[in-house]
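K.L.:
First to last, the sequence lines map onto chains A, B and C. For the first sequence, the numbering used here assigns the number 1 to the initial residue and increments by one for each residue that follows. For the second sequence, the numbering used here assigns the number 1 to the initial residue and increments by one for each residue that follows. For the third sequence, the numbering used here assigns the number 1 to the initial residue and increments by one for each residue that follows.
No false leads were mixed into what you were given.
A pair counts as met if it fits within one copy or between any two copies, since identical chains are not told apart.
Cut-off 25 Å, straight-line C-alpha distance, at most; resulting in silico cross-link-like pairs (SDA-like, lysine to any residue):
#1 K449 x E384
#2 K121 x E441
#3 K121 x P86
#4 K40 x S177
For the record, the hints were derived by calculation from the structure and aren't laboratory data. In this text the structure is predicted, and so the values were computed from the model without any measurement.
Residues per chain are reported as follows:
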Amino acid sequence: MLHSDRLFPSDPTTRQIARELYAAVHDLPIVSPHGHTDAKWFAEDQPFPDPASLFIVPDHYIYRMLYSQGIALEQLGIGQAKLENPRAVWRIFAENYFLFRGTPTRMWLDFAFQELFGLTKRLSPETADVYFDTISEKLATPEFRPRALFERFRLEVLATTDSPLDSLADHKRILDSGWKGRVIPTFRPDAVVDPEFAGFRENVARLGELTKLDTATWKGYLNALQERRSYFKVLGATATDHGHPTALTADLSAAAAAALFAKVLDGRATTAEQELFRAQMLTEMARMSVEDGLVMQLHPGAVRNHNAVVYQKFGRDKGADSPAPTEYVQALRPLLSRFGNEKDFTMILFTLDESTYSRELAPLAGHYPCLRLGPPWWFHDSPEGMMRFREMATETAGFYNTVGFNDDTRAFLSIPARHDVARRVDCSFLARLVAEHRLEETEALEVAKDLTYNLVRKAYRL
Amino acid sequence: MLHSDRLFPSDPTTRQIARELYAAVHDLPIVSPHGHTDAKWFAEDQPFPDPASLFIVPDHYIYRMLYSQGIALEQLGIGQAKLENPRAVWRIFAENYFLFRGTPTRMWLDFAFQELFGLTKRLSPETADVYFDTISEKLATPEFRPRALFERFRLEVLATTDSPLDSLADHKRILDSGWKGRVIPTFRPDAVVDPEFAGFRENVARLGELTKLDTATWKGYLNALQERRSYFKVLGATATDHGHPTALTADLSAAAAAALFAKVLDGRATTAEQELFRAQMLTEMARMSVEDGLVMQLHPGAVRNHNAVVYQKFGRDKGADSPAPTEYVQALRPLLSRFGNEKDFTMILFTLDESTYSRELAPLAGHYPCLRLGPPWWFHDSPEGMMRFREMATETAGFYNTVGFNDDTRAFLSIPARHDVARRVDCSFLARLVAEHRLEETEALEVAKDLTYNLVRKAYRL
Amino acid sequence: MLHSDRLFPSDPTTRQIARELYAAVHDLPIVSPHGHTDAKWFAEDQPFPDPASLFIVPDHYIYRMLYSQGIALEQLGIGQAKLENPRAVWRIFAENYFLFRGTPTRMWLDFAFQELFGLTKRLSPETADVYFDTISEKLATPEFRPRALFERFRLEVLATTDSPLDSLADHKRILDSGWKGRVIPTFRPDAVVDPEFAGFRENVARLGELTKLDTATWKGYLNALQERRSYFKVLGATATDHGHPTALTADLSAAAAAALFAKVLDGRATTAEQELFRAQMLTEMARMSVEDGLVMQLHPGAVRNHNAVVYQKFGRDKGADSPAPTEYVQALRPLLSRFGNEKDFTMILFTLDESTYSRELAPLAGHYPCLRLGPPWWFHDSPEGMMRFREMATETAGFYNTVGFNDDTRAFLSIPARHDVARRVDCSFLARLVAEHRLEETEALEVAKDLTYNLVRKAYRL
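Isolated chain A, as found in the complex (with noise of 0.2 Å):
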């Protein structure tokens, strides 16, 4: 199913290009710095459960574009403790696994069937139970152990997303155990300074009972969260990361920012409010960035659990979110005029609006020192994406100003697949720089290392 030859443009000279390029970076080692994998899969290091609890109920990219065509979540198991009949969800995914022509989710399956689990003969009713009993089979030897896998994938760091609620039990119990795989943890915030987060005031408190300090005041909340930075770090973290709905940032007196505070926390914030609550944490955590020198990552633009009635029976994340128009020039004023000449601040920006690209974050970032610009994330980690991406973003923040790739993927076998498509992708972006004539051959070979290798250790402090 793997041709050795694919995301490459058909033009014979730019082809042969992108090969060269793409055969200097193919092994380079797999640096992950943001994603949504479980620490507790490495901890415990426990077989992975059937196919259909591995493939299917994680991973919202299938069961969205499932749902989309009128199949039941009911009908795949989402919402179920444990899978009652995984192969009949398996064969519910086979025989509509044809509507994923043409998405990335198709490719990196196919490249975990094939290049994992040694199967060629693509996904369908009719190849459903091979699948499902090779898989299963495959899944019980000891090669495909969460960390068998970790360092087949040649995985030089992996890094989780995690609540500043979290003990960071796992992350302890990997460090202890001996084992060399780095798994780091990430500081995300959003459930303690998201005053619409389900469970806001709880999580402060919970906050306050892990730090042992006041969080029902303003500055014992910022010292707790200072602290929980401070015990991330320690446990390997090297950065932040922030989900808002909006990049609006806020820099309030003190006084004033206090007040909020208490506000919020009362219950009493107007939506207004909270949004500038949320505003103005971004703020107080770059200056926090700017003192330990965790990376600041943000991450807007997401309309989360658009569909009610979704939400309401299965939760988050569950496949009914949509990205909106985003806006930055306005929105990150404020902290840009506070720590956006810093020299030892890094804020790595995301989109999930393409029309920002060249618009808004390039320029941005091709003038502000603090500033990098992340990978195509999400709805746009896709081939079109990226190249969407180099396409607009390059011109004006250069390649120096962007980190390399982000998986940013709850789906561990995905990792290698979704690697590579972006090494083919940036290889096929640089080899038509070279085939019209814009960048040295040479050149392209020592931008394509940056690309995949260089460029993220240096971003994420690595």
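Since chain A is already given, all that's left is putting chains B and C on it; use the hints.
P.N.:
What follows is chains B and C alone, placed relative to chain A:
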């Protein structure tokens, strides 16, 4: 003028694949589920008038371009009941035909000129009279009568767009005539649901007369709409269409909706209340679609009659409309919260704002079971526009949440040309996926047929 | 460093067509109707200073990139009256020249280095001194004086951009000198029509002194502007230019406008009133253009001086500007309702928001007789940016509602390079249309010449 490889990528490998895909779809029947042709043509089957009246006067794509270059609409006979000097108008057109280089209009016209009228030397001042005479002559023959052309075009279905106030007498005459051509109406209620539509109050009153229901009450008004929908269904309609300025929807209580209706009908509603009324009516229409199974089409985002001078002199639809930024994610939430998960509801979304393809439309259609994406519309119904649509929507929505092609035309003779362009562009897109080893050629063949024929029939319930 | 096929598509068929088209336009004279060179250079015809002062200090494209990677503006001598150590600045630049890979800046510079200075080994730490010495040496020769270069570049016209408060003494000196070079001013009134411009009130007073009119009254103020426009015309101006934050226009009654002016001049106007005043002034400028025939250029959408720290230390135009979303359809309506159908009025629209090309600008320019589309501007003046412009605007606006290329540069030596890039990209776009059988090669040749030479002369009335 028409090269057999037109619109196929120049790269030989990709072109060869595109040719093979196109060979499999180029003579599939035409299904035209959305357009603006006149049922009267097929009811009466009279010869079309002279070339200028046929090609220029009804086609705002043509005279908007001429007008933009300083040619007065009066010179083109726009606004005349009957063209006084069609040959003079035709000559102006011929002299300025070079203005259409690089536009889809030129592609559609060249196709009609060559394929229908056998003209192979491009229109120019030199060929103007030959064109005029040749076309005039052929139009007088039986082979160029509307029904003969309908059959020659191999139209399987042709949908018109009609007001609820229309008696559909022409559709009835077609049905009663025994002629086999399937010409079906589409329920387009803008004139009676948009308070800013010219004559809105009179239109609502007229709706009451037609249905013998009291449309001065909210309940009577809704019942009247429901009744006209049923009547349209009897005459073959399978879909409704809604041409709102925005995609805003609302879900008011029945009491609030009734009060708003009263205000709107009284002429006391503010601009915002008029917008809210349109928003509520979209949700009402969705409710009726859930009940009666008519597929709902939404075409938002056109600012109509932008040029006040042209509007005053010449009226609506004179090429003076322009798209505007359009938001979908928040706008559609009220309607989708009510009906987004209904099994038998289909809503087809269109846009004039291409930035929404990857940001909003594909994510929404890739999740909600009721949603499908309409093809590129109006200003984007063009080779580059179609290619951007596939490149930006496919990776998130897949192919199977799209619905094939709409020609959306007032120019009957352009129908085969427009479908041909769509088939060629889709085949070119698929050919690139095959050439880049992202899709097997056997799969691409299947998808090509689906995009051309199967998806449109399924989505529009034809 | 410069391959003769650079920027042409790699596909051999398309490349061959591109070569042929380019051969027909590559040595047409350069018409530069919009830019920021200094008339003084041509009035005095003194040698340019050292390489760093010539290439780096005036070019915010260069030092914004260096600044984004942590190089202090002080290190680059920005803000120094005279560069203390130009060789040191040059070395920093050379060490960081790799940052410009993939950017148009690198393409422009390589062109100037090779074509003007005969340097063929790319700039790097190793070649830094050779570059510095070679360039310094040549700059001292008569062949590198401004007028000699002007002639060598085959500049047919060069327009500068000037304040109404400028005496245009340098333009006069050029005219009086007997030198044949055509260097014309452009009327750019931002300093006296934008209440937020630094020194606005003093500027308006100064305008009164210059014209001996009472600019404290609305009528006197308008008359003074009209008079300065006439003066600019006498010195060769054919156009005005307007650099507003948005495209908003207004059409107030004379009384309302006068009252607003009084408020603005008093400093009592709110932010919204200041915006309204700018909006009204666009319509006033359009009215004057209808009367005096000056072509009106509108450049909206830049958020200026985004970085407060950089602005305080170094002032305007230091690479800290960023585009913002820009709306045209509603914003321009008041002005277009008044003057949109005037036969002798030309308004050229630019944008920094590429999402408006297909959504707003091409539809508007494809209808209104007064409108033309300016070329891709600033951040979008780049190969990918130009290609996107043609791909997104041509199908709706055609080629003949566009106006050729603007170099818009402060860097005189980059002019030939910039026009060369534009010619190559336009030829590549046309070559694709020919290769895809959407345009005949003979037509493409004609269009290529129009895009390079004829359209700009016509649109700017040169």
